[in-house]
Amino acid sequence: MAVAEPLQYLDPKGTPTPDAPSLAEEQLLRMYRAMVTTRRVDDQCMKLQRQGRIGFYGASTGEEATAIGSAAALREDDWVFPGLRQGGVMLYRGWSVEKWFHHLFGTEQAVEKGRSMPCHFSDRDVNQVSWSSCMATQLPHAVGMAYAARYKGDDAIAAAYLGDGATSEGDFHTAMNFAGVWDAPVVFLCNNNKWAISVPVEKQTASESLAIKAKAYGFEGKTVDGNDVLAVYDATKKAVERARDGEGPTLLEFDTYRIRGHSTSDDPTRYRDESEVEAAKRRDPLSRFRMYLIRESIATQRDLETIEEDVQGEVRAAVNAAEEGTPPPLESMVKDVYETVPWHLEEQIEELSTFKET
Amino acid sequence: MFEFKFPDVGEGIHEGEIVNWIVDEGDHVDEDEDIVEVMTDKATVQISAPVAGTIQTIVYDEGETVTVGEPFVLINPDEEPTLQDEETLKRSEEEAPTPDPAPRTEAPAPRPAGNGEAQGVIQTRTPEGILAPPSVRIEARKRGIDIAKVQGSGPAGRILMEDLDQATSTAPKPTSRGAEMDRFSFDVPSVDRDDVLRIEPLEAPAGSTRQTAHRSTTLQPHFTLAIRIQADALDQALGQAQVQGEERAIEPLAAVVKALAQALAKHPRLNALVDEDTDELVHREEVNVQVAWPTEEGAQLRTVAGAHHRGLREIQDVLEGGGEDAVPTVTVSIFHDEDAFVSTPVLVHPQVTGVVVGSLDEVPVLKEGQARVGHELTLSFSFDHRWVDGYDGALLAEDVRGLLAKPEAMLLG
Chain B
0 MAVAEPLQYL
10 DPKGTPTPDA
20 PSLAEEQLLR
30 MYRAMVTTRR
40 VDDQCMKLQR
50 QGRIGFYGAS
60 TGEEATAIGS
70 AAALREDDWV
80 FPGLRQGGVM
90 LYRGWSVEKW
100 FHHLFGTEQA
110 VEKGRSMPCH
120 FSDRDVNQVS
130 WSSCMATQLP
140 HAVGMAYAAR
150 YKGDDAIAAA
160 YLGDGATSEG
170 DFHTAMNFAG
180 VWDAPVVFLC
190 NNNKWAISVP
200 VEKQTASESL
210 AIKAKAYGFE
220 GKTVDGNDVL
230 AVYDATKKAV
240 ERARDGEGPT
250 LLEFDTYRIR
260 GHSTSDDPTR
270 YRDESEVEAA
280 KRRDPLSRFR
290 MYLIRESIAT
300 QRDLETIEED
310 VQGEVRAAVN
320 AAEEGTPPPL
330 ESMVKDVYET
340 VPWHLEEQIE
350 ELSTFKET
Chain G
0 MFEFKFPDVG
10 EGIHEGEIVN
20 WIVDEGDHVD
30 EDEDIVEVMT
40 DKATVQISAP
50 VAGTIQTIVY
60 DEGETVTVGE
70 PFVLINPDEE
80 PTLQDEETLK
90 RSEEEAPTPD
100 PAPRTEAPAP
110 RPAGNGEAQG
120 VIQTRTPEGI
130 LAPPSVRIEA
140 RKRGIDIAKV
150 QGSGPAGRIL
160 MEDLDQATST
170 APKPTSRGAE
180 MDRFSFDVPS
190 VDRDDVLRIE
200 PLEAPAGSTR
210 QTAHRSTTLQ
220 PHFTLAIRIQ
230 ADALDQALGQ
240 AQVQGEERAI
250 EPLAAVVKAL
260 AQALAKHPRL
270 NALVDEDTDE
280 LVHREEVNVQ
290 VAWPTEEGAQ
300 LRTVAGAHHR
310 GLREIQDVLE
320 GGGEDAVPTV
330 TVSIFHDEDA
340 FVSTPVLVHP
350 QVTGVVVGSL
360 DEVPVLKEGQ
370 ARVGHELTLS
380 FSFDHRWVDG
390 YDGALLAEDV
400 RGLLAKPEAM
410 LLG
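Residue numbers (numbering that gives the first Met the number 0), protein chains in the order written: chain B, 0 to 357; chain G, 0 to 412.
Pulled out of the complex, with its shape left as it was, chain B reads as follows:
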């Protein structure tokens, strides 16, 4: 659909173009580790859900480069407003795999103590608000936060993630319009993974691309190869710098593909052809990045295998720790919303505790 060729620095075999950005070795390996962790955690969670050990999951397999590449271009104090499948952003920003699994097992040790929908992560420690299953609602929030930051003289920016489906929502229009009018320091990061549950992107818009929509709101839109982590990084970095320098918002469309179903409750074989998925797998962002690292002698095969084994152990240990976690106390149901628990909720929890005994 995209008319302009997406920005690409690494071809599917990991060969860089001469103008590819060169990042410090340490950062590249941190990015690789976060991508491997995202992939591995997704695989593990899909298995756990099918075994009945966790309730629900949505994997980001095949879209890791969009999360990690963009996360690497953000500053620690920037804010992240995720759509879906931005767990990798949190992992890159230092969120632990153990917290991830505590969340999914809904333990007392989890950040939200089991009170949010599984797979809808959030944590103040990494400046990330909750994932939102309601389409595009996070976008006006992100613009508001960005506008407020500038008003306060703070130079943090907002990273507002969305999917192709969200571009059909009214909130998308509202957010884009306000961002354009106010020159808000926000970057819209759109994962065009071609499928909004079972609706293909062709049925989402009559525009020639998603990126071009930015033009109508008075700012730049750009299409980027979402499976090329260097292209995602570079495009996000430039957009973030513009936003921070007061030059206004940008919309980036990451051309990628949702390899698995929308969630564990979805069977994509009912609405899309397997050959499409097989073709997308050949553009795998992780193996592309891996080949780049080896080709450019940034790491040896053995170095990368060590990272992979290490991540494997970390995931195993985290699953065990979370399964050992304690269930949240009943009282936690009414806590953390109001500063002090209001009388009617006090009464309800008291009444509930009498049922518990019988």
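Think of the hints as simulated: they come from the structure by calculation, not from any bench.
Quick caveat, the model's predicted, so the values are computed rather than measured.
A few of these clues could be false.
Below, computed lysine-lysine pairings styled on DSS-like, alpha-carbon distance capped at 25 Å [stated by the list, open to error]:
{"hint": "1", "chain 1": "B", "residue 1": "K202", "chain 2": "G", "residue 2": "K265"}
{"hint": "2", "chain 1": "B", "residue 1": "K12", "chain 2": "B", "residue 2": "K236"}
{"hint": "3", "chain 1": "G", "residue 1": "K265", "chain 2": "B", "residue 2": "K12"}
{"hint": "4", "chain 1": "G", "residue 1": "K4", "chain 2": "B", "residue 2": "K280"}
Stretch-level coverage of chain G by chain B, calculated; a stretch enters the list once three of its residues show a Cβ under 8 Å from a Cβ in chain B [claimed, not checked]:
{"hint": "5", "segment": "5–13"}
{"hint": "6", "segment": "32–46"}
Even for Gly, the Cβ is constructed at its ideal location relative to N, Cα and C.
Based on the hints, put chain G in the right spot on chain B.
Coordinates of chain G only, in the frame set by chain B:
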């Protein structure tokens, strides 16, 4: 004993049907290893083992329906369970009234009342009112039998596997041209026979080039890819081998066989045979290269078994000595015309890869306005496009090119 209770694999699923057991009783499984395929209202999914251990009892057979929460397989966990295994184990022991840690050969199959009729197959009523378990349905689909027309001999007219055999024997037999031909019908023009010199029948001995070509071009859509290889290093290396006291030169053909075999070992999907009966691609472990070896009586097919582990000299000796007895997985032939540079290799069915080798020629090489004499080798590849796409084919060609352009590693091997 770990009782694996049937999980809610979607959101609010009530029950699921066992489609296929990937493991058998007595098999050992690792944690997270897939063990069964189940079908729910929402999706068909694979379920993996939550613990490592031995499959003790499969409680529900293929075709049966399990309610969420029912134990559907019993796993005897390994000796040293992980912390989390112990946890699950403890939980299941608390819940099970008669825990039995010792392995035993027969375990009671707890089934909910009303389920589990004769032969362990439960009635599965479909919207069309046909009674048949999925295993039978799948088999019927495989054999091309319309299940609606099969007379069931089981209770309440349920269709059993044996009933399919009955149906098969009455179905029309596929013609000798293979299953693929039955899917199409062609209008063939009648040929004018007024001016006839001679009429030649297609019938040819089994395994003859003519028969193989007819089969492969009918069944296998070919796509062809030709590459030119800068072969200065190869020419020099082969020349040096001879200088170093070897009585005979190593032919470029041996190097091509070796490079192709090494590259195919890396791309096992292309070192494969097509099973037309089951529509399956059988990937092969060993790369057995068949060469159409030119002799005075025409080309003779000679095979080098496991060519990816063999040295160049050895490959050449095998080819000169008449070949070895092995099922070929790829075929290499040689140009008959020295001036030709591209040719379509005709696949040797059921192989999916074929190669034609050109000669190693001198060519002018232009660099910075200066001409010098270089060497070039051309290769043409064909692939079965049903199984191999352009990208895979190109990857193989590029690997072969890489090996032949820098032959040092290969010569040492």
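Okay, the hints, checked on the actual structure:
no. : hint                 : in the structure
1   : K202(B) with K265(G) : violated, 40 Å
2   : K12(B) with K236(B)  : holds, 24 Å
3   : K265(G) with K12(B)  : holds, 16 Å
4   : K4(G) with K280(B)   : violated, 33 Å
5   : 5–13                 : holds (count 6)
6   : 32–46                : holds (count 6)
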